[in-house]
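Engineer: Sequence:
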Amino acid sequence: MYHEYINVQIESGAAISPQAFIGNGPPYMVGRVSYSFGLSGPCVSTDTACSSSLVATHLAHRGIISGELEAGLAGGINIMLSCNTTAGICQLQALSLVGRCRTFDVQGDGYGRGEGFAVAMLYPVENTAQVTKMSLALVCGSAINQDGRSSSMTAPNGPSQSALIYRALVSGGLHPWQIRVVSMHGTGTPLGDPIEVGALGQSIFTKDDRENHHYVIMQSNKASFGHMEGAAGLTGLILAGLVSNIGAVSPIKHLRSLNPYVMAALIEWRQRHGTQAFVPLQNATGIFSASSSGDGPIASASSFGMSGVNAHALIKQTSNNMAIECTGKTIEVFVSGHCHRRE
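Quick note: the sequence shown, position 90, residue 90 per full-length UniProt numbering, numbers continuous.
Rather than coming from a laboratory, the hints here were simulated on the basis of the structure.
Backbone N, C-alpha and C fix where the C-beta goes; we use that ideal spot for every residue, glycine too.
Among the clues, some could well be false.
[Claimed, not checked] Pairwise CB distance ranges (calculated): (1) Ala248 x Ala20: 44 to 54 Å; (2) Arg272 x Ile79: 35 to 45 Å; (3) Arg256 x Ala20: 41 to 51 Å; (4) Asp109 x Ile22: 36 to 46 Å; (5) Ser250 x Gly41: 29 to 39 Å; (6) Arg272 x Cys90: 17 to 27 Å; (7) Ile246 x Leu81: 30 to 40 Å; (8) Pro42 x Leu81: 39 to 49 Å; (9) Gly67 x Met263: 41 to 51 Å.
Use the sequences and the hints to build the structure in full.
Structural biologist: Rendered as structure tokens:
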């Protein structure tokens with residue numbers, strides 16, 4: 001996302017060889033994957049800042065639905081190699097002074113950067129009979145959009161976020177009340193968190209759904225792993241898939257006291273829609289059930305890029321006995337959790 005490795009080479013005074021040049025540019029990195037594995041389908045590098053990996057997942061999802069792809073490989077990675085990038089983000093006043101993402105917390109003052117990568121393999125459900133046991137979840141809807149004209153180039157846009165989630169629901173033929181768990185973008189910024197919570201309420205709660213809603217549980221992966229920027233969106237989707245399969249969620253790390261503006265948004269949910277929203281505090285005991293009467297829940301993940309490009313995806317568990325049906329085409333996602341050691 002920030003092209004740090006090639007910049008480190010330049011700063012060191014090392015000569016840039018042809019191999020170094022084509023080994024570090026984003027188009028060459030994704031091209032090398034296709035080259036190494038003999039993949040001949042569309043190969044695209046997406047750079048939309050923090051939403052890059054979830055945008056890539058959306059493109060793979062739509063490519064499979066349209067019939068252009070037989071399978072899709074989406075991923076994202078973030079490695080911190082240069083202090084110059086961190087210094088630049090500091091100038092935007094986006095980073096936390098304590099280096100942590102205190103999502104929804106009253107002391108949230110920005111995000112803490114994190115390193116990591118996430119990769120997901122997407123297949124059409126009808127082509128995965130032999131590998132169903134490996135699947136994490138079914139992608140049953142996704143959408144991307146742009147903030148357009150907002151208060152500033154990097155400021156979040158609540159109406160745009162609401163429209164995004166609604167479009168993702170429509171793409172999967174789903175109803176708002178079917179969502180039970182949301183892996184939030186949740187960077188821990190005083191401005192972004194309340195806007196995101198308010199936008200979520202506007203998009204999934206309507207007067208017509210008042211009788212159907214029971215609760216919605218909000219989760220955050222950034223509180224545990226830091227903000228992995230280009231890899232953050234897909235990481236959030238994987239978290240949502242795990243929650244959907246396991247049927248339980250854990251407390252949000254570093255969340256001790258809710259931001260009053262987040263609390264105000266949650267109170268509005270309750271008063272206007274009669275819906276209970278759960279935000280598990282760090283000191284909460286046990287885990288919270290994510291399923292309802294044994295039915296597999298719909299989970300979703302949001303990722304909002306500082307560039308203004310947003311992405312949202314909806315998934316459900318892979319159990320064959322599901323009460324919730326998607327009218328849109330579903331795509332199965334595979335994630336490798338571990339490998340067997342060779343003797």
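Engineer: For every hint, state whether the structure bears it out.
Structural biologist: Taking the hints in turn, this is what the structure says about them:
The hint said 44 to 54 Å for the Cβ distance between Ala248 and Ala20, and at roughly 47 Å that hint holds. The hint said 35 to 45 Å for the Cβ distance between Arg272 and Ile79, and at roughly 44 Å that hint holds. Distance hint check for Arg256 and Ala20: the Cβ-Cβ separation is about 46 Å, which falls inside the suggested range of 41 to 51 Å. Separation of Asp109 from Ile22 is about 40 Å and conforms to the stated range, judged on CB atoms against 36 to 46 Å.
The hinted window of 29 to 39 Å between Ser250 and Gly41 holds, with their beta carbons roughly 37 Å apart. The hint said 17 to 27 Å for the Cβ distance between Arg272 and Cys90, and at roughly 39 Å that hint is violated. Checking the proposed 30 to 40 Å range against Ile246 and Leu81 shows it holds: the Cβ atoms sit about 35 Å from each other. For the pair Pro42 and Leu81, the beta carbons lie near 29 Å from each other, so the given range of 39 to 49 Å is not met.
Checked against the hint of 41 to 51 Å, the C-beta distance between Gly67 and Met263 comes to roughly 46 Å, which is consistent with it.
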